[in-house]
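Kindly produce the complete structure, drawing on both the sequences and the hints.
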Amino acid sequence: MIPPSFEYHAPGSVDDAIALLSQYGDAAKILAGGHSLLPMMKLRFAEPEHLVDINNIDSLKGIREEDGEIVIGSMTSENALIASTLLQEKCPMLPEAAKMIADPQVRNRGTIGGDISHGDPGNDHPALMLALDATFTLAGPNGARQVAAADFFLGTFFTALEADEIMTEIRIAPQAANTGASYQKLKRKTGDYATAAAAAVISMSGDTCQSASIALTNLGATAMRASEAEAVLVGQVVDEALISQAAAKAMEICDPAEDLRGDAEYKTHMGGEMTRRAIRAAMQRVGGN
Amino acid sequence: MERQEQLQGIGCSRKRKEDPRFIQGKGLYVDDVKLPGMLCGEVVRSPFAHAKIVSINKEKALALPGVHAVITAEDLKPLGLHWMPTLAGDTQAVLADEKVCFQMQEVAMVIADDRYIAADAAELVEVEYEQLPALVDPHKAMDADAPIIREDLVGKDEAGQGKRTHNNHIFTWDVGDKDATDRAFESAEVTVREDILNPRVHPSPMETCGCVASFDKVNGSLTVHITSQAPHIVRTVVTLLSGIPESKVRIISPDIGGGFGNKVGIYPGYVCAIVSSIVLGRPVKWIESRIENISTTAFARDYHGVGELAADKDGRITALRFHALADHGAFNAHAQPTKWPAGLFSICTGSYDIPVAYARVDGVYTNKAPGGVAYRCSFRVTEAVYLIERMIDVLAQKLDIDKAEIRRRNFIQADQFPYQSALGWEYDSGNYAPALEKVLEACDYEGLRKEQTEKRANGELMGIGLCTFTEIVGAGPSKACDVLGVGMFDSCEIRVHPTGSAIARMGTITQGQGHETTYAQIIATELGLSSDDIQIEEGDTDTAPYGLGTYGSRSTPVGGAATAMAARTIRAKAQKIAAHLLEVSPEDIEWDVDRFHVKGNPDAVKTMKEVAWAAYNNVPEGMEMGLESVNYYDPPNFTYPFGIYLCVVDIDRHTGETSIRRFYALDDCGNRINPMIIEGQIHGGLNEAFAVAMGQLISFDEEGNLQGNTLMDYFIPTFVETPHWETDYTVTPSPHHPLGAKGVAESPHVGGIPCFSNAVVDAFAHKGVTHVDMPHTAFNVWKTIHELGLDS
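Going down the list, the protein sequences come from chains X and S.
The number in my numbering is simply the position in the first sequence, starting from 1, with 51 added.
The number in my numbering is simply the position in the second sequence, starting from 1, with 17 added.
No lab work stands behind these hints: they were computed from the structure.
Owing to the predicted nature of the structure, the values given are computational and were not obtained by experimental measurement.
Among the hints, erroneous ones may be present.
Said to hold, decoys possible - Below, in silico cross-link-like pairs of lysine to any residue (SDA-like), each with a Cα-Cα straight-line distance of 25 Å or less:
{"no.": "1", "chain 1": "X", "residue 1": "K240", "chain 2": "S", "residue 2": "H803"}
{"no.": "2", "chain 1": "X", "residue 1": "K93", "chain 2": "S", "residue 2": "K455"}
{"no.": "3", "chain 1": "X", "residue 1": "K150", "chain 2": "S", "residue 2": "I733"}
{"no.": "4", "chain 1": "S", "residue 1": "K800", "chain 2": "X", "residue 2": "K80"}
{"no.": "5", "chain 1": "X", "residue 1": "K238", "chain 2": "S", "residue 2": "D808"}
{"no.": "6", "chain 1": "X", "residue 1": "K238", "chain 2": "S", "residue 2": "S809"}
{"no.": "7", "chain 1": "X", "residue 1": "K238", "chain 2": "S", "residue 2": "V789"}
{"no.": "8", "chain 1": "X", "residue 1": "K80", "chain 2": "S", "residue 2": "Y133"}
{"no.": "9", "chain 1": "X", "residue 1": "K240", "chain 2": "S", "residue 2": "I733"}
{"no.": "10", "chain 1": "X", "residue 1": "K238", "chain 2": "S", "residue 2": "R670"}
{"no.": "11", "chain 1": "X", "residue 1": "K300", "chain 2": "S", "residue 2": "D669"}
{"no.": "12", "chain 1": "X", "residue 1": "K93", "chain 2": "S", "residue 2": "S809"}
{"no.": "13", "chain 1": "X", "residue 1": "K238", "chain 2": "S", "residue 2": "D790"}
{"no.": "14", "chain 1": "S", "residue 1": "K43", "chain 2": "S", "residue 2": "M693"}
{"no.": "15", "chain 1": "S", "residue 1": "K800", "chain 2": "X", "residue 2": "Y244"}
{"no.": "16", "chain 1": "S", "residue 1": "K784", "chain 2": "S", "residue 2": "E804"}
{"no.": "17", "chain 1": "S", "residue 1": "K43", "chain 2": "X", "residue 2": "Y244"}
To be verified - Stretches of chain X that chain S covers, calculated by requiring three or more beta carbons in the stretch to come under 8 Å of a beta carbon on chain S:
{"no.": "18", "segment": "63-70"}
{"no.": "19", "segment": "318-324"}
All residues carry an ideal CB built from backbone N, CA and C; glycine is no exception.
The following block contains the structure:
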């Protein structure tokens, strides 16, 4: 549990951080909250020669509203998401889900940008970002670019982020009227990754589903949008039978790895069950909290 | 009364005297020990469960600046220390000798200036292996074509515990009247049989194992700071292994962050650190990482049981037959009194009056870490109690008798004590039936059963678990129990100072049990001195009297008894001094809480404090000065605490998650010294029972790779998962203990585990389920649900 030696850098600006990344290339890793990276280093699964700690870059922290969008700095901690009245009001699923991540100590350090950028299908924010149609700002030596969440997660620990880029912002549209959202997570214990989890954002017009956005955590190589499950609901009067149909569609795309949380069959069933619960809870929240 | 309360003695829920230092972070644990010139050791471990070692190349590691030594079995061989004896009569490789027999086995130790260099150097030690087929399933251990694990034992027909019949066979132990039991089964009106597993788990104390060995080349003396539950035994073993006189070996167990059986044995890391310190002449520290702790040092359980009961049609048990296949791993490092290869497993007749019984345990080697320790229980008592408490439920279901009623019909009755069990124990005391009724009433058992019937009609899964267990703790009478030939007595030395405060030193060692408080309270009541003014010291073999240590709930039954006896010797002397001061004969003196007075004259008084002063300046002619005593207490019997537990669970039929709605624990540990500490112990033991029953598992793949050796996977419940505990008690004093007390800290673990399992199985009883193995994780419970089609 002792990492090999490494060089530690603590730049004060995004430009300085990018310069370091450009200089050291694959030998460098960004240190955000550190709750994924540091255990991997202690186990010597990851042995970066240079750690670029971006905790000193204040511009990467905070939550604000800008041009009708919610903008979250990538270095915003989970506890800051939970405490944000702006999010509670305009994107309530995010603080709800953040409460289910790890434990209070980890949530003090863990950041939304780190959680997303790590590319771990067991992390919770990727599915949330997919369900919320978020957009990420990635800053690199040639300036910043915008990448949609749908285009970001390429494989396990593999994302659209280049080695010399830093995720600086997450942009999310505020929750629309007549919309409800919920994240349902099954885990073995506090601090654990999800056995299975599902995010659902449902908009209703009367009894009819106007739009549905459903995404799954830890049920495949990356977080996944369950488009066919969404299609089952849209334009329909949603009842229990239809929710079960949607859950069945979500289960079809599940391809989880067996581990001590359960085998593929169990996890797939739990993917279905979490989808069912997320849809139900989201619908209940339409038009109120 | 007021004087009595001021003492804060027996029966007082006073706050723990040790806690101010713990809650201020002022404890001193072994990793806090930093000695001048200290080096650090890091163990190089095997990636394979079973492999030949082709070569070890140390060159690159030795070339790293700051590395002092890399030791292997070859280096230990000239000292005869590449193998070491175990408590179970076997030998264990200190460092792998030509082959490795379990994953993460110790292959070499690197000694370096600090832990960082040591960790880097460990990676530079090049070991070439030739992999061998691994034996993981103990049921296949004695197959004709099973891989031979212990080449060193080939051709030897015993491994310290009687005759062997196979290269992977360690021992066969049995007890009871086999023929009479077989006959009782043949003629029984009803019999039940069930395969019941106590899975491999790990005690996982918060503090991992470790030591700092420091050899003084000038004096030829060795000091070892070590996280040990048995420091005096460690000293004896170190002397036997090293040849250093016991008077020049000092073992210091500082504050210990939990033991739970994990810190009883001697581990290879200790031996390597000691040897390195002797050779290098500098202190050497070795501390396990969490992964090393879970993977290598002292697992528990791995008992693959078969339970059988015979009964009449009214559910009265007529015979018991239990068998267990015990997976001891690659070396038999089982923690046990010497003569007990299956520990106290023969307590498996439980709280029931069973006329005839037979129990047998077969121990085998597999390619897994060695151990088989008593994880918060007396030796193999959890395994025994789990079997009987599960089996009585199986019998109840077979006969469609209520699970409380079947217990009533089989209980040993109060007037049968002392009770001679079919497997040879004399239960000192018990009173089970009224305790059961108390719990049933407190929980409205009938109401719960009614609710369960209604829920079942709606397809909901609700289970009610009962456990009515008897423990056997306080090892133990030296005629039956020894460790390496040393009888399992324990000791207390009390010294009363002139101004009336006192220090007591013990052969036991606290790991969180609150000894500094409990023993002080005993002395307070016995000597009439405030427990605030009584210091308790343990763990330093240079100052404490020899004792066997703390495990198997033996501190109060044995150490507590020694404390009372030592105090009574002091009081007897004090009485003579008081008589001398009051100018009467000792027979005319009466004891009154904290003072002596002349019979019939309450004004002629000498307080214990006054007597203490006199003990150092004015004693009767011919009497030695001073006021101190030491007692080595050899208990006449074990103590037999019991408990009645009830658990209610609700199971989510879609996810398999089990929610503990209620857990009611009634414990009877005889007379209670500090009820608050007892309640804390009950809470802790129940937490660990919950952990074992609901989640803990050390599992392996087919190649013997350990799965899940971090706390991400290995289940330690947090505050969030832990259920609410309700505690209750009855008092049935031990007739042979000087204070009428019994051990208690392990009862909740022993009784809790079957109670959870009984509740989970009960939730499925109406579907014909009689048993499912632990752990009852959501995944495992869901498999039962899914097979029964209850999730659709």
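A quick look at each hint next to the structure:
Annotation: proposed proximity of K240 of chain X to H803 of chain S holds, straight-line Cα distance about 22 Å (limit 25 Å). Note on K93 of chain X and K455 of chain S: the hinted pairing is violated, with a Cα-Cα distance of about 52 Å set against a maximum of 25 Å. With a CA separation close to 20 Å, the supplied pair K150 of chain X and I733 of chain S stays within the 25 Å bound. With a C-alpha separation of about 42 Å, the suggested pair K800 of chain S and K80 of chain X falls outside the 25 Å cut-off, and the hint is violated.
The straight-line distance between the Cα atoms of K238 of chain X and D808 of chain S is roughly 19 Å, inside the 25 Å bound, and the hint therefore holds. Note on K238 of chain X and S809 of chain S: the hinted pairing holds, with a Cα-Cα distance of about 21 Å set against a maximum of 25 Å. The straight-line distance between the Cα atoms of K238 of chain X and V789 of chain S is roughly 22 Å, inside the 25 Å bound, and the hint therefore holds. For the hint linking K80 of chain X to Y133 of chain S, the alpha-carbon distance of about 21 Å falls within 25 Å, and the restraint holds.
Note on K240 of chain X and I733 of chain S: the hinted pairing holds, with a Cα-Cα distance of about 9 Å set against a maximum of 25 Å. A hinted pair counts as satisfied when its Cα atoms are at most 25 Å apart, and K238 of chain X with R670 of chain S qualifies at roughly 16 Å. Between K300 of chain X and D669 of chain S the alpha-carbon distance is near 23 Å, which keeps this suggested pair within the 25 Å criterion. Taking the CA atoms of K93 of chain X and S809 of chain S, the gap is near 44 Å; set against the 25 Å cutoff, the hint is violated.
Among the hinted pairs, K238 of chain X with D790 of chain S is consistent with the structure: their alpha-carbon atoms are about 21 Å apart, no more than 25 Å. Simply put, K43 of chain S and M693 of chain S have alpha-carbon atoms about 23 Å apart, close enough for the 25 Å limit, and the pair holds. For the suggested pair K800 of chain S and Y244 of chain X, the alpha carbons sit about 21 Å apart, so the restraint of at most 25 Å is met. Among the hinted pairs, K784 of chain S with E804 of chain S is consistent with the structure: their alpha-carbon atoms are about 11 Å apart, no more than 25 Å.
With a C-alpha separation of about 34 Å, the suggested pair K43 of chain S and Y244 of chain X falls outside the 25 Å cut-off, and the hint is violated. For the segment 63-70 of chain X, the proposed coverage by chain S is not satisfied: 0 residues have a C-beta within less than 8 Å of a C-beta in that chain, short of the threshold of three. Here the segment 318-324 of chain X counts 3 residues with a CB under 8 Å from a CB of chain S, which clears the bar of 3, and the coverage holds.
When each numbered hint is compared with the structure, violations occur for hints 2, 4, 12, 17, 18.
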